[in-house]
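Protein sequences, first through last, are from chains X and H.
The first sequence finishes on residue 493 if you use numbering that gives the first Met the number 0, and the numbering steps up by one all the way, no holes.
The second sequence finishes on residue 436 if you use numbering that gives the first Met the number 0, and the numbering steps up by one all the way, no holes.
Note that these hints are calculated values from the structure, not bench results.
Keep in mind the model is a prediction, meaning the values are calculated, not measured.
Even for Gly, the Cβ is constructed at its ideal location relative to N, Cα and C.
Fair warning: there could be bad hints in the mix.
What the hints assert, rightly or not - With a straight-line cut-off of 30 angstroms between C-alpha atoms, the simulated DSSO-like cross-links for lysine-lysine are:
1) Lys291/X / Lys132/H
2) Lys424/H / Lys27/H
3) Lys385/X / Lys364/H
4) Lys224/X / Lys364/H
5) Lys27/H / Lys385/X
Claimed, not checked - Taking CB as the label site, the calculated pair distances span:
6) Leu332/H / Gly162/X: 52 to 60 angstroms
7) Ile4/X / Gly384/H: 54 to 62 angstroms
8) Pro13/X / Asp290/H: 13 to 21 angstroms
9) Pro273/H / Ile251/X: 17 to 25 angstroms
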Amino acid sequence: MENLIHLIGPAFDPFLLIILATGVLSGILIGALPGLTATMGVTLLMPFTLGMGLTPQGSMAMLIGIYVGAIYGGSITAILIATPGTPASAATLLDGFPLSQRGEGGKAIVLTTVASFVGGMIGTAMLVFLSPQLSSFGLRFSSPEYFALAVFGLSMIISISGGDVVKGVLSGLFGLLLATIGLDPINGTPRFCFGVIELYEGVGFIPVLIGLYAFAQVFSDIAQKKKEVSVAKLNLTFPSIRELARYWVSFIRSGVLGTSIGALPGAGCDIAAFVGYNEAKRFSKKPELFGKGNPEGIISPEASKSGATAGAMIPMMTLGVPGDAVTAVMLNGLIIQGLQPGPLLFRDHLDVVYPIFIFIFLAYFATCIAGLSLTRVLARIVLVDKSILLPLICVLSVMGAYAIRFSAFDVFVAIGMGAVGYGMRRYGFPAAPIVLALILGPMAESNLRRALMLPDAGAMMFLTRPISAVLLVIAAGTVLFGLLRTPAKRISAE
Amino acid sequence: MMRTCIFCFLLLLLTAGCAQQSARFPSKSITVVVPWDAGGGTDALARSIANQAGRELGQVVNVLNRSGGAGAIGHSFGAAARPDGYTVTMITYELCTYEPLGRVELSPLNFKPVIQLNEDPAAITVHADSPWKTLKEFTEYARQHPGEVTIGNSGPGAVWHIGALKLEKLAGVRFTHVPHNGAKPAVTQLLGKHLDAVSVSPAEVLQFLELGTLRCLGVMSEHRIPELPDAPTCREAGYDLVHGTWRGLAVPPETPDEIVSILEQGFKKGYDSPDFQETARKALLGLRYRDSQQFKEFLDGELESVTELFSGSDLIIRSGSNVTMVPRFYGVLFLIFAVILAAKAMKKIPSSENEVGEISSSAFKLTLLSFVILLAYAVFMFVLGYILSTILYLAVMFYVLGERRPLAVGAYSVSIVFIVYVVFKSILDVPIPGFWG
């Protein structure tokens, strides 16, 4: 016990706590700006932490703060201006934006904040107590399992399609086709690149996201001469604790699911958020309310992606392999400081391991406090005069698209996708399936082809391996469920 | 007369400035282009040498990540830079592979080498529970079971993949090469026993070797490496195979030799500094110094070796399945669903199709106009520079959308540009063209 206090004590050093708080605040800002993702925030600030001569604990405090803050911050803009700051927030947008359009942006942000906190707590608890189990579960995933996971993820297109399933599937297929551009993942042959080397790594995910959401929203606001929400409509009352407690099942289910998905090497917050949304809808008694500002549609993806943030730390710390793109950068940060995350870290460096646990816990705490205290200010963004707000969103989005890899090409991709996104909106094609397809398309293809290369390959392989069989059955269930529920929903809508 | 005088004077100043500039290089900050993402090994190497070399050269040395296209974007950016020595590129092994793999017309011949800093060998590693204790046993098994032994690598055509291909050729066996998205995912698959072996750098597997979870059968270096005194080299194991990645600095070929030698001296001093040596050791980056001339000879040899490996063989192509299978499948599905949609649309009354609601033609024109203005803004940003084009864009858009009070338009646009510029350029270090492209 004394030993434990000895190890944990240094984590509460005021200097480290200030660094952590700074990280969380800048993370929220980075996450909220379109185009600046958690990955980019961590990448940009890592050299900075090294330059400041921080200890490994200090730089982890900073990076964890940014990570947790940015993943949370992405939802604020998703809710208020329909622009997901990070890809993971595209799921929160589905119900968050409709709610804020009704003048209840404040409520939406509170739901997000609380869900992010609860999900984070569940994730932290699982990280501290179940790391070995989750990481050995992750090791059972090989190409067939990842392929099945991707198929399951793609089956969710049905449930996030909104009104028309056919249009949703078409959007999804468009996204999948877009995802095949670039060097193919197995042979490295250029596909659909037309000799443009900017396309070798594929069409940039972030520029597409900026186009489909930020620019498309700006164009359709202009086309519909949409005005800002009037002050009279703005409702800033917070939901009561009792109201929040009603959703306890969603909180816990999403938190646990999200953490488990985050713990898989190579599957991160974005997939977790969509799975959280999908499962909430599957278990809901009134799935037709989703997409129209349902609180459960905000809580579930949010708790899930927040759990996944903590979950992604599990393979990084126990195996030394990143859980997602952000932890990949963190991992390198630790290596540069002379620490090898992985089994040896737990043997030799508990003085780093325990503070990391504490920092994750405190980061969610700080995010929650910051979020709740900023809610009333942030919720007023919807009141800003559109003729000022829309050009500002465009300027920030152009910068965001450029800043990912300093490429002018990406700026034009974003603007082009803005036109495409506007056209899709006008004819009722949903954008979320494209996001899902861009996340999962490369995962599905590379793992399918990798699985088929294995010496004992065959179509039956996907059904005889237990994990992949279960995932494929759930996927089939999602499709059937979606198709059976949709007609009923259309009748009730008419 | 007056004008001619001023003109001559300015010309004189300009030439004087230029002369002075070349007289004492470097007179301004130097940029090291890294063709890979921040946070990786190449980036770590660049940042640690930049700090030290900056001190020696008496100028700030910045690091600029231009990633994408499997490194091709950064490499071609560096090769096309102004040959004045102020843009130096951290070239990596992949530079030798673009032409042999038929991807991009880009090779070490597009550069003048300055200094080599690092070299890391490839290594063949298997799970400790596997039956193979030596490299010979492993290749013998592969000979008896052609195509059944799976060997993971970090990506198609990447340096570690090529290492496994060289071993295959030398031992006369056939492996199934399984590419992953990076070395770490491949190692994870080996830990889960989904692969028989991996070909990656020793640093990626070091701690698992130490713990006894994995076993290293052969390191493709000339001598045993200090971190792994127990792991035999491939030569000891019976295969004359030395292969690995390297990183070094290079400038465009037209750069004057005096400047190259100033850079070489500066970076050499940085390389020798205890700080750099310590950082590299901690980050498990193998150190290897070659001067400009030696580096050039080495690069020529590497290019030749990779070209020879791929000429007239179908090594890469053989390893994978059909490249167009998946996109074709998506395409067919897309067409089927498009037909369903069309059929549905014909059954329904066309007007119910428009879910967003009718918009007037004047509103549509306004939308089109704002799209064109946005496009023009993006073009002008790279010609006129960021500040001017953004102020113009904001002012025009405010006007178009109905905010027409001159004072408000001016105040909003200038303050927005100021804040965005400070945040991105100064704090986040995004290289945006300030005033003129």
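| message | Would the hint linking Lys385/X and Lys364/H be met if the CA-CA limit is 30 angstroms? | response | At roughly 18 angstroms apart (the allowed maximum being 30 angstroms), Lys364/H and Lys385/X satisfy the hint.
| Is Lys224/X within 30 angstroms of Lys364/H, Cα to Cα? | holds (12 angstroms)
| query | Given a hinted range of 17 to 25 angstroms, is it respected by the beta-carbon distance of Pro273/H and Ile251/X? | reply | violated (53 angstroms)
| query | Has the hinted range 52 to 60 angstroms been met by the Cβ atoms of Leu332/H and Gly162/X? | reply | violated (21 angstroms)
| query | In this structure, is the beta-carbon distance linking Ile4/X and Gly384/H contained in 54 to 62 angstroms? | reply | For Gly384/H against Ile4/X, whose Cβ atoms are near 57 angstroms apart, the range 54 to 62 angstroms holds.
| field | Distance restraint between Lys424/H and Lys27/H, which requires alpha-carbon spacing of 30 angstroms or less | value | holds (18 angstroms)
| said: With the threshold set at 30 angstroms, check whether the alpha-carbon distance from Lys291/X to Lys132/H stays at or below it. | reply: violated (62 angstroms)
| message | Between the beta carbons of Pro13/X and Asp290/H, is the distance compatible with 13 to 21 angstroms? | response | At 49 angstroms between Cβs, range violated.
| said: Hinted pair, alpha-carbon criterion (30 angstroms max): Lys27/H, Lys385/X. Please report holds or violated. | reply: Answer violated: Lys27/H to Lys385/X is near 44 angstroms, above 30 angstroms.
Of the hints listed earlier, those the structure fails to meet are numbers 1, 5, 6, 8 and 9, in rising order.
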